[in-house]
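Enquirer: This is what each chain is made of:
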Amino acid sequence: MSELPLDAGLILAALLFLTGLAGVITRRNILFMLMSIEIMFNAAGLAFVLAGAQNGQPDGQVMLIFILAMAAAEVAVGLALIIQMYRQFNTVDTDVISELRD
Amino acid sequence: MTIIFYIAALVAFVSTVMVVTRKNAVHALLYLIVSLLAVSVIFFISGAPFVAALEVIVYAGAILVLFVFAIMMLNLGTDSEKEESKLLKPNAWIIPTIMSAILLAELGYVFFSYQGALGELRTIGPNEVSESLFGGYMLAVELTGILLMAGVVGAYHIGKEKKREYHRYLQTNENS
Chain G
0 MSELPLDAGL ILAALLFLTG LAGVITRRNI LFMLMSIEIM FNAAGLAFVL AGAQNGQPDG
60 QVMLIFILAM AAAEVAVGLA LIIQMYRQFN TVDTDVISEL RD
Chain V
0 MTIIFYIAAL VAFVSTVMVV TRKNAVHALL YLIVSLLAVS VIFFISGAPF VAALEVIVYA
60 GAILVLFVFA IMMLNLGTDS EKEESKLLKP NAWIIPTIMS AILLAELGYV FFSYQGALGE
120 LRTIGPNEVS ESLFGGYMLA VELTGILLMA GVVGAYHIGK EKKREYHRYL QTNENS
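Residue numbers (numbering that gives the first Met the number 0), protein chains in the order written: chain G, 0 to 101; chain V, 0 to 175.
Think of the hints as simulated: they come from the structure by calculation, not from any bench. Be aware that a few hints might be false.
A short, non-exhaustive set of chain V residues, derived as facing chain G with CB atoms under 10 Å [to be verified]:
#, residue
1, 0
2, 18
3, 19
4, 50
5, 93
6, 97
7, 136
8, 164
9, 169
Okay, the calculated beta carbon distance ranges per label pair [as the list claims (entries may be wrong)]:
#, chain 1, residue 1, chain 2, residue 2, range
10, G, 98, V, 111, 26 to 34 Å
11, V, 125, G, 25, 48 to 56 Å
12, G, 27, V, 74, 32 to 40 Å
Pulled a few chain V residues facing chain G out of the computed Cβ check, cut under 7 Å [claimed, not checked]:
#, residue
13, 47
14, 72
15, 122
16, 123
17, 141
18, 158
Virtual Cβ for every residue (Gly too), placed ideally from N, Cα, C.
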């Protein structure tokens, strides 16, 4: 059993984070934007846990627990906002709700 | 153990790319669940079994179910019936199922070949994590509780269907 490749793990975290970032930038459906934000949270948590495992300390896992709680609160508020937006504008397209620009 | 890491990393990356590129929200959610499970496998083999379990329970079990409920409440658009008829086609679920099966095989292999510590890594169990969490991070735990409370109250307040309230001048005008 060999050692876990931690460099590759951090590269994977970076890949996942950038995929989520690309999702936030490119998608116009607000549901997909929220899912991409979840991907980015998850990638950050992966980086925390791998860095904590490299040092043999439990602090990385503690940070992942905080990230989980924050993601739960963020998703609750975000989904409530999406539902309210769907009630008012009857769409999930973020380009439609640019009223403030006019 | 290295090959397990690479397979799980491949599954995580492919399914994450699929999340970003899907058109149907429910399909994207399926891929997102597979991605979270793959990351959970990586947590497990990197000596963090407690947060691996938390990732499955809280992320895949609670947060994504919240997403599913919201998508059901939205009842998206006029083509929801077309989507409904397309929902049971194999191309909707066959690839997530194959990826989950790969992860299941990996987990079985890990469990059967698990001999205490994994390679050079030290396994950090729930004992040590909770000692650290409630030792040095006590203030952060309390702040997280406040944040969750604010999240719940805010979600209720925002998501509530508001009654349209007019000024009493407009009300009398409407009635007359």
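Enquirer: Each of the hints needs a verdict: does it hold here or not?
Expert: Structure-based check of each hint:
1. For residue 0/V, the suggested interface contact is upheld, since its CB lies about 5 Å from the closest CB of chain G, less than 10 Å.
2. Interface hint at residue 18/V: satisfied, since its Cβ lies 6 Å from the closest Cβ of chain G, which is below the 10 Å cut-off.
3. A distance limit of 10 Å between C-beta atoms decides the matter here; for residue 19/V the minimum to chain G is near 4 Å, and the interface restraint holds.
4. Against a cut-off of 10 Å between C-beta atoms, the interface hint on residue 50/V holds, since the closest Cβ of chain G lies about 5 Å away.
5. Given the 10 Å rule on beta carbons, the hint for residue 93/V is violated: about 21 Å separates it from the nearest Cβ of chain G.
6. The beta carbon of residue 97/V comes no nearer than 20 Å to any beta carbon in chain G, farther than 10 Å, and the hint placing it at the interface is violated.
7. Taking 10 Å as the C-beta contact cut-off toward chain G, the hint placing residue 136/V at the interface holds, the least distance being around 6 Å.
8. At about 16 Å, the closest approach between the beta carbon of residue 164/V and any beta carbon in chain G exceeds 10 Å, and the interface hint on this residue is violated.
9. Because the smallest distance between the Cβ of residue 169/V and any Cβ of chain G comes to about 20 Å, over 10 Å, the interface hint for this residue is violated.
10. At roughly 59 Å, the beta carbons of residue 98/G and residue 111/V sit outside the given window of 26 to 34 Å.
11. Residue 125/V and residue 25/G have their C-beta atoms about 39 Å apart, which leaves the hinted 48 to 56 Å range violated.
12. A beta carbon spacing of about 19 Å between residue 27/G and residue 74/V contradicts the range 32 to 40 Å that was offered as a hint.
13. Taken as an interface hint, residue 47/V checks out: its beta carbon lies about 5 Å from the nearest beta carbon of chain G, inside 7 Å.
14. Restraint check, residue 72/V versus chain G: the minimum CB separation of about 6 Å is within 7 Å; hint holds.
15. Because the beta carbon of residue 122/V sits about 9 Å from the nearest beta carbon in chain G, more than 7 Å, this interface hint is broken.
16. The interface hint given for residue 123/V holds, since its Cβ lies 5 Å from the closest Cβ of chain G, which is under the 7 Å cut-off.
17. For residue 141/V, the shortest C-beta to C-beta distance to chain G is roughly 12 Å, which exceeds 7 Å, and the interface hint is violated.
18. Because the closest C-beta pair between residue 158/V and chain G is about 4 Å apart, less than 7 Å, the hint holds.
Hint compliance for this structure: hints 5, 6, 8, 9, 10, 11, 12, 15 and 17 are broken, all remaining hints hold.
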